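Trainee: Chain residues, written in single-letter form:
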Amino acid sequence: MWKTFLAFVVKEFRHILRDKRTLIIMLGMPIALMLIFGYAVRTDFQEAGFAVWDQARDQHSQMLVERMTASGYFLQKATVQQKEEMEQLFRQGEIKVALVIPPSFGEMLEKGVPTQLQLISDGTEPNTATTLLYYLNSILLTYQRDLSEKRFGPLPPPNISIEQTMVYNPELKSTFMFVPGVITVVLMLISAMLTSLSIAKEKEKRTIELLLISPLPPLLIIVGKVLPYILLSLLNGLIIIGMGIAIFDMPMHGSWLFLILSLVLFIMTALSLGIFISTKVNSQQTALFASLLGLMLPTVLLSGYIFPIESMPAPLQTISNITPAKWFIIIIKGIMLKGIGLKLLIKPVTILAVMTFAFLAISWKNFKIHL
Amino acid sequence: MSIQTEGLLKRYGQLTAVNEVNLDIPQGEIFGLIGPDGAGKSSLIRMLTTLIKPDGGKAKVAGLDVETDFILIRKSIGYMPDVFALYEDLSIAENLHFFAKVFGVSVEKNYELIREIYDTLKPFENRRAGKLSGGMKQKLALSCALIHQPEVLFLDEPTTGVDVVSRKEFWDILGRISQRGVTIFVSTPYMDEAARCHRVGLMQQGNIMAINTPQGLKDTFEGWLYTFRSPDMYSRLEELRAYPDMEKAVLFGDSVHLFMKKPLDPKNFEQYLNQKGISPQHQWEEISPSVEDCFIAMQKGTKETPAFAK
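Residue numbers (this note's numbering), protein chains in the order written: chain A, 1 to 371; chain B, 1001 to 1310.
Next up, chain A with everything else stripped away, as it sits in the complex:
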């Protein structure tokens, strides 16, 4: 039995290694995605153009603008005196944001009276606006802190709520968002899509008939078929995490063992989905469409990887709850960025485990020893 199983695994590896397309997807895809997201598609900014409408013209207002420029996130493009000038610059696309500093800004800051700065941003790029707002807030906070260290006296109320959301990613580096995202997409692709394709191929080419009329138990056929994909998926997951840490300075605060176990759990979830699809379809083409529409789209769009779940309409938020990717992203961020363990991640881990068992159970029922 062991020999038969081994023969199966060897045969499956041969299929993978001899199909150039599969190989490219398996090995090229993760690296390409990492490089694309790491260097090209960045959601963090450097030197975003901004204009200042400084109505105060005092020491503090000038210091603040200096700090903005010094941060590297902002690049001052203009100084304006009126609203119309500002609108003109927005229309020309010269600037992403404009900062309006009220008259007597410095005076009020010295007295500790709450002051308000106005940040005007381009509403057509809401994600950009939000990110830049976070940057500006963090610059303001530092400035206030520095001020309070220099002199005694009451502080203007700091913006605490924003500080909380930034604690684990103070610089809002998009690396920390895309590494978990890329892992999720790649594992879905390899584990779910490629396995469903490879089983569908055996059906399409009718080789499955010869396996079915053999005395092999169906469990052995399935396990032998998916084992190579488990190994390759795990390898890919580790390559992506390694690249994230080595090239993109992704922190790793948690336990490696827990991380690898979570990877295996998510691979199992994806595999169970792939097997489920393959029990339902008879051709490679249908398998491809089913996995693209049923797995890849939700993974990319609904997992919170590209679009924040909080900004989705309520029905989509509900659907995102049944997307395995969402829970896996929570786990991986928790481990790597926050360094938390199973105790705090018990909910997403349980949800993934339940999903896996459910899909395996349904597939088991669907898998026929007869055609």
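No lab work stands behind these hints, which were simulated from the structure alone.
The model shown is predicted, which means the values in this text are computed figures rather than measured ones.
Heads up, none of these hints are tricks.
Listed next, the in silico EDC-like pairs over lysine to aspartate or glutamate satisfying Cα-Cα at most 16 Å (straight line): (1) Lys1122/B with Glu1108/B; (2) Lys1053/B with Glu209/A; (3) Lys77/A with Asp54/A; (4) Lys20/A with Glu1088/B; (5) Lys201/A with Glu1088/B; (6) Lys3/A with Glu1094/B; (7) Lys205/A with Asp1082/B; (8) Lys203/A with Glu1088/B; (9) Lys201/A with Asp19/A.
Position chain B relative to chain A; hints supplied.
Mentor: Same frame as chain A, but now just chain B:
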């Protein structure tokens, strides 16, 4: 009995693919299942190989029930589907060793079983199966189906898409395999291959219309048979069919076969042809029936040409 069925039935919705088929095939026999595409041959084979479940009736293969003992049956049968169903991205040797291991046997120990077939493939052992010719693919598939020493071999249209020389060689091999006591159940749309079987079953629209030896079939042919040739025969079939006592007039390659209830009266027939304006360059003669003629004679109702592979 190696294969035994009683009222075996398979339905797909409204369509009855296999209609209450009864078979008794002794060990070592080459049984040919002959019929046009869509006759139900594959469905019958798939039930006997336990790939699909029957909707009624009983079937035993190698003494085992196809519904209750299917796991045991699977060990004692070999199967070649009607398409090339081996792994095209694996080499000849890799395919053979894989299927040997699937059945828990070793190629070395069982090599005698396939020596005659596989020896001709040996020089190309490292070639990918997808790059083989039709005849070589077929030999490889047969080797893979034989390597675990099955008692019964099911071959679904094994010679489709294979050249004439390879077909003849293939049937020679089947003959020698059956001499070792292996029962061979083979379906084919080629009528000329019927002569190579010990017995043939003629199947149409789910029914087995006759089971007999090839000679026995010809002996039971009723009526008189003639070939007819003329330059305009393709367009004048209707006139030929309208001749009195004409049962059927069927296109048969480069001639028309005339199935008659009574012997043709030359004088009357020539007069009729003349009257209908059929080309005077025609010729006709009486022939003895082939298996295909027997098959056509048994088909009810239709005077049309059945869809046979040529």
